[in-house]
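Chemist: Take a look at the letters that make up each chain.
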Amino acid sequence: MNNIAITLHNFIIENFGIDINLSLAISYFLIALIFWSFLGVIGGLLTFLERRVAGRIQSRIGPNRVGPQGIFQMLADGIKLVLKEDLIPALADKPLFRMAPYLCVIGVFSALVVIPFSSDIVVADLNVGVLYALAITTMVVMGILMGSWASNNKWSLLGGLRSAAQIVSYEIPAALSVLSIVLITGSLSMQDIIRAQGAWPHQWFFFHNPGTFVAFFIFFTSALAENNRVPFDIPEAESELVAGYNTEYSGMRFSFFFLAEFANVFIISSLAVIFFFGGWQIPHFLISENHIITNIIMIANFLFKTFVFIFIVLWLRWTLPRLRVDQLMTMCWKYLIPISFICLCITASFVLFFGGKSMIAVFIGRITQ
Amino acid sequence: MEKRDHIETREEYRTKENEVQEWSAYQKLSDNVLFTSLDKILNLGRANSLWYLLFGTACCAIELMQTGGPRADLDRFGSVFRPTPRQCDLIIIAGTVTLKMASRIKILYDQMPEPKYVISMGSCANCGGLFDLGYSVLRGIDKVIPVDVYVPGCPPRPEALTEGLLVLQQKVKNEKFLVKEKKSI
Amino acid sequence: METLHTRLQEKFPNAQVTFANLEAGDHYIIVDTAHLHSIISYLKIDEHYTILMCLSGAEDSEFLQSVYHLFSESSRKKVTLKVRLPKDNPEVETIGDLWPGAYFFEREAYDLFGIIYKNHPDLRRIMLPEDWIGHPLRKNYIDPIQYQDINNERAYPCDVPNVTEKK
Amino acid sequence: MYELEKNNDNTMTLNMGPHHPSTHGVLRFILEMDGEIILSVKPDVGYLHRSIEKIGERVTYPAFMPYTDRVDYVAAANCNVGYALAVEKLMGIETPERAQYLRVIVSELNRIISHLLMTGVLAMDLGAYTPFLHAVREREKINDIFEILCGARLTYNLATIGGMPFDIKETTIRKCLEILEGLKKFLKEFDDLVTNNAIFISRLANIGVIDKETAKAFMLSGPNLRAAGAHWDLRKNETYFLYDRFKFDIAVGSGKAGTLGDSYDRFSVRMKEIETSISILEQAFKSLPSGEVQAKLPKTLKPPKGEVYVRTESARGELGYYIISDGTAKASRIKIRTGSFAAISILDKIGRGLMLSDLVAFMASLDLIAPEIDR
Chain A
1 MNNIAITLHN FIIENFGIDI NLSLAISYFL IALIFWSFLG VIGGLLTFLE
51 RRVAGRIQSR IGPNRVGPQG IFQMLADGIK LVLKEDLIPA LADKPLFRMA
101 PYLCVIGVFS ALVVIPFSSD IVVADLNVGV LYALAITTMV VMGILMGSWA
151 SNNKWSLLGG LRSAAQIVSY EIPAALSVLS IVLITGSLSM QDIIRAQGAW
201 PHQWFFFHNP GTFVAFFIFF TSALAENNRV PFDIPEAESE LVAGYNTEYS
251 GMRFSFFFLA EFANVFIISS LAVIFFFGGW QIPHFLISEN HIITNIIMIA
301 NFLFKTFVFI FIVLWLRWTL PRLRVDQLMT MCWKYLIPIS FICLCITASF
351 VLFFGGKSMI AVFIGRITQ
Chain B
1 MEKRDHIETR EEYRTKENEV QEWSAYQKLS DNVLFTSLDK ILNLGRANSL
51 WYLLFGTACC AIELMQTGGP RADLDRFGSV FRPTPRQCDL IIIAGTVTLK
101 MASRIKILYD QMPEPKYVIS MGSCANCGGL FDLGYSVLRG IDKVIPVDVY
151 VPGCPPRPEA LTEGLLVLQQ KVKNEKFLVK EKKSI
Chain C
1 METLHTRLQE KFPNAQVTFA NLEAGDHYII VDTAHLHSII SYLKIDEHYT
51 ILMCLSGAED SEFLQSVYHL FSESSRKKVT LKVRLPKDNP EVETIGDLWP
101 GAYFFEREAY DLFGIIYKNH PDLRRIMLPE DWIGHPLRKN YIDPIQYQDI
151 NNERAYPCDV PNVTEKK
Chain D
1 MYELEKNNDN TMTLNMGPHH PSTHGVLRFI LEMDGEIILS VKPDVGYLHR
51 SIEKIGERVT YPAFMPYTDR VDYVAAANCN VGYALAVEKL MGIETPERAQ
101 YLRVIVSELN RIISHLLMTG VLAMDLGAYT PFLHAVRERE KINDIFEILC
151 GARLTYNLAT IGGMPFDIKE TTIRKCLEIL EGLKKFLKEF DDLVTNNAIF
201 ISRLANIGVI DKETAKAFML SGPNLRAAGA HWDLRKNETY FLYDRFKFDI
251 AVGSGKAGTL GDSYDRFSVR MKEIETSISI LEQAFKSLPS GEVQAKLPKT
301 LKPPKGEVYV RTESARGELG YYIISDGTAK ASRIKIRTGS FAAISILDKI
351 GRGLMLSDLV AFMASLDLIA PEIDR
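Protein chains in written order, with our numbering: chain A, 1 to 369; chain B, 1 to 185; chain C, 1 to 167; chain D, 1 to 375.
Chain A with its partners taken away, still in its complex shape (with noise of 0.2 Å):
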């Protein structure tokens, strides 16, 4: 069983019998259209979530008017998005401006490919997952820098530069905080760095040894700084630029880089899931003879991590000030960097003299002995 995609490929050709690559197509396509709406729904969702989460913080309620408890907000918000003008200003570039919500979009969005929600429901296990993850994310960058350029206004690409340099920086610690867990495992795919833990804490990579420990909470913060959260929000520092890169985008281009965002928050913290706690790993005594039952049980447990996560961001989120962008950069290259060296150093230490065990059965070892 590779992924659902071959599985619905291999049904198509038994029940219609069409040519290979058509079928392929046919059933890739289906599936990218399906994940794809999966995330507009979990982006949409999200901004709904993010102003409850928010109100329930600040003593307010947060929107409740549209359907129960106003979970249909973002339907209203989407509707009205869409029926806006879609304004483009007059000394705009206009290809680029109009280019850079999709590039951010799918930037986002393709991420999505390599992320398993459970043992099977993964559109492509890709042997160089981590990498496609991290490079492929940084497409977004391209996205706002391009936007905030093409806007041709001063406070787009002051937000703009910002964002380059915050993204591009943070790539490094990220990566770098990555590369202890790939080490462990000795493989880039997403599937073999779960199955590398297990379901209980003490199996996840997280407990596994002082470097990826600390190396969590670096991909945590280089993560949320990639996605240009709080208190990493100097791109769109409300106020100090207006609205950063995308000050004058509206309507419809406005709503991609909005989903862009709120999509990015569901693939960091799936990334952080999947990397440190253990992915959608369930106990044993969870497995059942139902192939589907056990699928949806990977998949409420990965949804369920996930949104602690995603919580968590949100949290941060409506807490922290900001900082300021060189603090921001210092951050970076004079904190993180040589730290996640340090974890990728410990890590690399604790692989070698204890052939990959972890820290707590190495503990466990040596009380039993």
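Simulated from the structure, these hints should not be mistaken for lab results. Misleading hints may appear alongside valid ones.
Computed list of lysine-lysine pairs in DSSO-like fashion (alpha-carbon distance at most 27 Å, straight line) [as the list claims (entries may be wrong)]:
#1 D/Lys141 / D/Lys286
#2 C/Lys78 / D/Lys305
#3 C/Lys139 / D/Lys302
#4 C/Lys77 / D/Lys236
#5 D/Lys89 / C/Lys82
#6 C/Lys77 / D/Lys305
Let chain A serve as the given structure and place chains B, C and D on it in line with the hints.
Modeler: Just chains B, C and D now, with coordinates in the frame of chain A:
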């Protein structure tokens, strides 16, 4: 002094209202059912997502802040503030508008994408209010941009502004969106 | 304050320094326009009136005035200085070199009264737009009802007696 | 620090305002920037110039009272009582003792909510929206007290010449004390959330340092001057309204996070002043004398010919009323000297060399309010 041309007498207003009603009745017949019900859904969406511009000119700005705050909480009705006019549906003119500021507000209004709405908040924005005696205050924002809802008060309480927003939502819900009519300024 | 007045008269024999005693409120010293800057710098340096509380323009029947409220932190004394400027040519030396904060107050007095402060580095209108006509706080000012393309007419005529409007 | 170059072709002119989220109202700055670093700041004010001073010449003395509210809508009561004091001094009216106590009470209550707004807005400008809403939540409670007292939430019009238009009831005092107790708890919470936050401190410490001499040269006053280390509080140094009967310390900047007179000092001075105000209020409620609240006045107020400059300690510094009377029922000139107008001129001097984010923080720490600048 001669009458302002855009203030209508009550009789004039009534006849206009009748005309509108007749027109909409006619429109109802001629529209097909699908369009009207689609219109309803779209308007429901638009009415519940009126994002306003983070912008206040004077005293009312503080009440605007407090309306967005914990006690009144405009977010309940789906209204959040956006810092840039490009992403706004609604501009709340919160406070006195001076002659120096008037042209800037016109620019802000022009920068907003259609469909856009204006709430004039407080006496100063409605008609100059207390500062009618001054030399530098615009006597009513409606001299510069069209206004949808007037909220009286100096400054209006958060409840008043919330009511103003609800009235605007009602107006949005009753609009015809798919069958376009030109907005007259 | 009267002693200060006599001291000033001794110090600046050429200058016209008159002491005004009013029926109510603060008393003030009217000084010569030409000697204003030297008198204020004398007050700041030698008499330790180190704080400039306020700088304002004013108008009485035939003169424009520039009014300076000084305060001494050490002796806790206040002094009010006034210069009288003719309405057709109101010019006086700036004191922004003594208190840089005064530049903005002088710009305001220029904007609203038309008092020209010599040696001011940036004497522009501050409150009103650059293309505004007239200095509104003068008594004979006529309120405009048209600015650029905005018709700023009242809905109903104003009954306040001293409001005059240009038709 | 960054070396400033003149006539550099690579600079960018940035127009900040009049609609900009961090100017809180209608201020405009023309910034000359080199990347993120500011080379010069040119404030362009007057977008809210509402001709209040001219209106003062057009209406009678008591009728001007509502306009003083609008001079500084965040601390309207302070402006009211300041104006009342000025006219009383001009006319030589003795205000009853109870009225003076009430004036102390309303101005301290108003100082609290003004400082609450400032601290909240400062946090908002630094990117933390939640503390702002928490501050607004507490503000609302004191707004309720004002509503009980005079019926308005923001622009109170709650002083008359010669006294106060209302008396305070025992129930209101009890409610007020309750709210103050809650406020103390809130301040502790606020300290945990904002004041001691490492990011918050690092954003404010050593930013926009104003030393004592510069502050005096630029006519700064009030909390901004005190943050620079000056022991100067008009409530203490130039006693009015029986402020000498209350025990309180002047909050002075300590430079504990960085340099003396930096933005963090200006913030913490205001936090301390909230506590000071609470203690003054508690003392005032305890020793509130009984009696009349309004002095006997003639039917039409016609101050004698003369002039007066009266200054009081508003939330934003020295609030001076310079009134010239020509013996009629209307003033010949009312000049209002405000703290923010003086503070705006220092932006160019201190703002040079700061980064854009710092300028926003610096501006918020000065507590600028547009109508106070423009009037």
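Chemist: Going back to the hint list, which numbers does this structure go against?
Modeler: none
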